[in-house]
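Participant: Kindly generate the complete structure, drawing on both the sequences and the hints.
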Amino acid sequence: MLSLSINGKTRNVDAAPDTPLLWVLRDSLHLTGTKFGCGIAQCGACTVHLDGQPVRSCSTPVSAAAGKKVTTIEGIGTTRVGKAVQAAWILHDVPQCGYCQSGQIMSASALLANNHAPSDADIDAAMSGNICRCGTYNQIRAAIKDASAGVKGA
Amino acid sequence: MRARPMNTSRREFLKTSAMAGGGLIIGFTLPGAARLAQGAGKEARISAYLRIASNNEITVVCGLSEMGQGVHTAIPMLVAEELDADWSRVRVEQAGVDQAFANPIFGMQATGGSTSVRGHWEPMRKAGAAARAMLIAAAAETWKADAADCRTEKGVVIHKSGKKLSYGQLAEKAAKLTPPKDVKLKDPSQFTLLGKSGTRRLDSAAKSTGMAKFGLDVYLPGMLTAVIAYPPVPGGKAASVNDAKAKAVPGVRQVLQIPSGVAVLADGYWAAKLGRDALEIQWDHGANASLSSEGISKMLSAGAAAGGAVGRNEGDAKTAAPAKKIEAEYEAPYLSHSCMEPLNCTAWVRKDEVEIWAGTQSQGPAQGILAQVAGVAPGKVKVNTMYLGGGFGRRFAPDPVIGATVLSKISGKPVKLVYSREDDTRGTFYRPASVTRMTGGLDAAGRATLFAASVASPSIMEGSHFMKLPPDGVDEFGVEGVRDCPYDIPNLRVEYSRQEPGGIQVWFWRSVGHSQNSFFLESFIDELAHEAGKDPFEFRRSLLGKQPRSRGALELAAEKAGWGKPLPAGIHRGIAVVFSFGSWCAQVAEVSVGADGTPKVHRVVAAVDCGMTVNPDIVKRQIESAIVYGLTAALYGKITFKDGRVEQSNFHDYRMLRMSEMPKVEVHIVPSKEAPGGIGEPGTPPIAPAVANAIFAATGKRIRKLPILG
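As you go down the protein sequences, you meet chains B and A in turn. When we follow numbering that gives the first Met the number 0, the leftmost residue of the first sequence carries the number 0, and every step to the right adds one. When we follow numbering that gives the first Met the number 0, the leftmost residue of the second sequence carries the number 0, and every step to the right adds one.
Please note that a few of the clues may not be correct.
Claimed, not checked - Cross-link-like lysine-lysine pairs, in silico, BS3-like; alpha carbons within 27 Å at most:
#1 A:LYS599 with B:LYS144
#2 A:LYS163 with A:LYS175
#3 B:LYS144 with A:LYS195
#4 A:LYS323 with A:LYS663
#5 A:LYS663 with B:LYS151
#6 A:LYS663 with B:LYS144
If you're looking for bench data, these hints aren't it; they were derived computationally from the structure.
Facilitator: This is the structure:
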């Protein structure tokens, strides 16, 4: 039995230590906002935060999350930055199919938590690990800039 | 230990299900939480398409699948416009399968071919207008007044005396009235929602908070997760299976041999995947073990050189003797759709009924297919359509729903069948490869007098299993985009040669035949313009005298892009215009080419004439989306075969456009009072030729084979 801290709550799960965190979140805890896209850390759909740092949960063993604070899309809205990012996403109608957007929002929130005024190059660097097949990249960029204004102003 | 041998009835059943999978293509309510129900209020069902609650909340029931294209916003807007609803109180709910929701263009409940707005523009407005008439009648009856003295505004019926009743107050009474047979629709000049900017999507909040439920997000009590070991060579089958190690993996419950491969059923995906990794399978590779991309290219090239069935023939292309003549062979590869959400379906076969949960584009046909697969009446098949994590045509195919249903029926459990990304990439159902040989001619004044194209490709019509090649032998998807060449050229001939490399299932891919044929035609027209010594925009324009809407889109794109005006050093332009799915789209791409030959697309300016729009903001986003989809394929996309195996597997070797490569995109809509055209697909075809033509402008090198970075 592993004890995890997820979105501020302690969750006990019965999983082998090398099980990817993604499948514990989804299949054991039914936290379905975190998505499966590629399984090899190539698309970013499964991005969550470990102690505030973005990681690809499909390639992170659950044992690596023990003793750390796991934040998922279901919890990011309780942080100031996450709330601003989600509000900007909604304001800009960023999602199309929406499948990649949890991961995009988690990557964007991590970027803005560390950098309140990201340049285009900063956005490229932080966001190019997240694939969007609907091609919402320009709206993501606009929403990040909008959210950064909110984060700075707060 | 070996996989259990099958008993006779199971074998019979599998024969039927295999046939359903390969031989014929014959209806939940989850997306709907998007704008959350504001709770409370008794609801009255006005028609199959809408309910009104006593708290004034209006629920529009949508039979079409939401895969990003915005149909769950567009359909409610059509209803709300004629209903004079208060948009802030409108929500959407996904319908189950019902003939009331048959797509008028397909005659069955399905979403694809950029048909949703075209097919529902009038029926959904009529549904709104009928409901409005019923609400007015209910108010008039309440007031004992004349309906003609009542008007409506933002969810309220208002009598000329100033009395008011809200739709919520009237709904129960209105629901008991007989719907009017004929209703008068608004003149477009009266629209307050349709065609106006600023109406927001109804699903943004759910999709920005992780709450939106996709097919993969379904969990049922007692459910097993299945992955299938598929034959590495298309058409192969398992000759022998040793599943001892697989069954020893903790969480693995069953190993089942089915026609499509060997399935491992487990508690959760990870155990299923580990179980599959542990299978020891001897494959019989079958007839396609030597399939190679080189062989396929040769086969297609020979087919294009030989010619085939005549799809269009004007003037006399065979004997035309132009002053100048050019010939070229173009090629496009197989492509995977690669939706962000890997394919999946959850099925639960109970005693005499089937229920599935799937992000599907074809819930209507799925109902009939699964009735056959499970041996139940079609009315006993319930389809719960979830949000689709991308569709692009791939989710029209029934393989995941059939697979999950077969596995639930055999195992007796609810089963979620999941394709890994590798399964998804290698699972065929590809956009067909094509080779096209083109001949063009110019007269002494440099005017085009000859265009002939000979297309060789696999047939989607035959591959679909629900269509057949027509008597003339020309696959409409094989030639669309060249057969409908819009240019006024007196000698014009298009031929089609069906070529079928073994075992590769071909399928509809965003914009279908236009995706490759528009690249062929619009690149070759550029070649002709260059040969004639003319500007590529002016050359096209001069040949579009009889095609005012093509010319209009072309001119608007050129104007907005500043065609002919100087560009920063190193940046060059290319242009293309394509008619597809009822809409005209022209694009100008601005491209630079690095010292190593790598192109960078800086900006794309698009103009689209799609007639009247429902939601112009979504129209622009769809064109941008379609550009990214087409650009990704143009730059990187290719599925290749070696020794019968697909060489690509995941995003590291089947590359996607990323944020750092994203061009600026501007979309301009041609103002129009014409009937609506399609919008999900028409933005894809022009981008490959626009970029390839810009690369030619930059380097003098003509791109005749995709992908550009091939």
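Participant: Check the hint pairing A:LYS163 with A:LYS175 against an upper bound of 27 Å on the C-alpha distance.
Facilitator: holds (20 Å)
Participant: Sort out whether B:LYS144 lies within 27 Å of A:LYS663, counting only the CA atoms.
Facilitator: holds (16 Å)
Participant: Holds or violated: are the alpha carbons of A:LYS599 and B:LYS144 at most 27 Å from each other?
Facilitator: holds (24 Å)
Participant: Given the hint that A:LYS663 pairs with B:LYS151, test it: the Cα-Cα distance must not exceed 27 Å.
Facilitator: holds (26 Å)
Participant: Given the hinted pair A:LYS323 and A:LYS663, is their Cα-Cα distance within 27 Å?
Facilitator: violated (39 Å)
Participant: Would you mind confirming whether the straight-line C-alpha gap from B:LYS144 to A:LYS195 stays at or under 27 Å?
Facilitator: Between B:LYS144 and A:LYS195 the Cα gap is close to 26 Å, so the pair holds against 27 Å.
Of the numbered hints listed earlier, the single one contradicted by the structure is hint 4.
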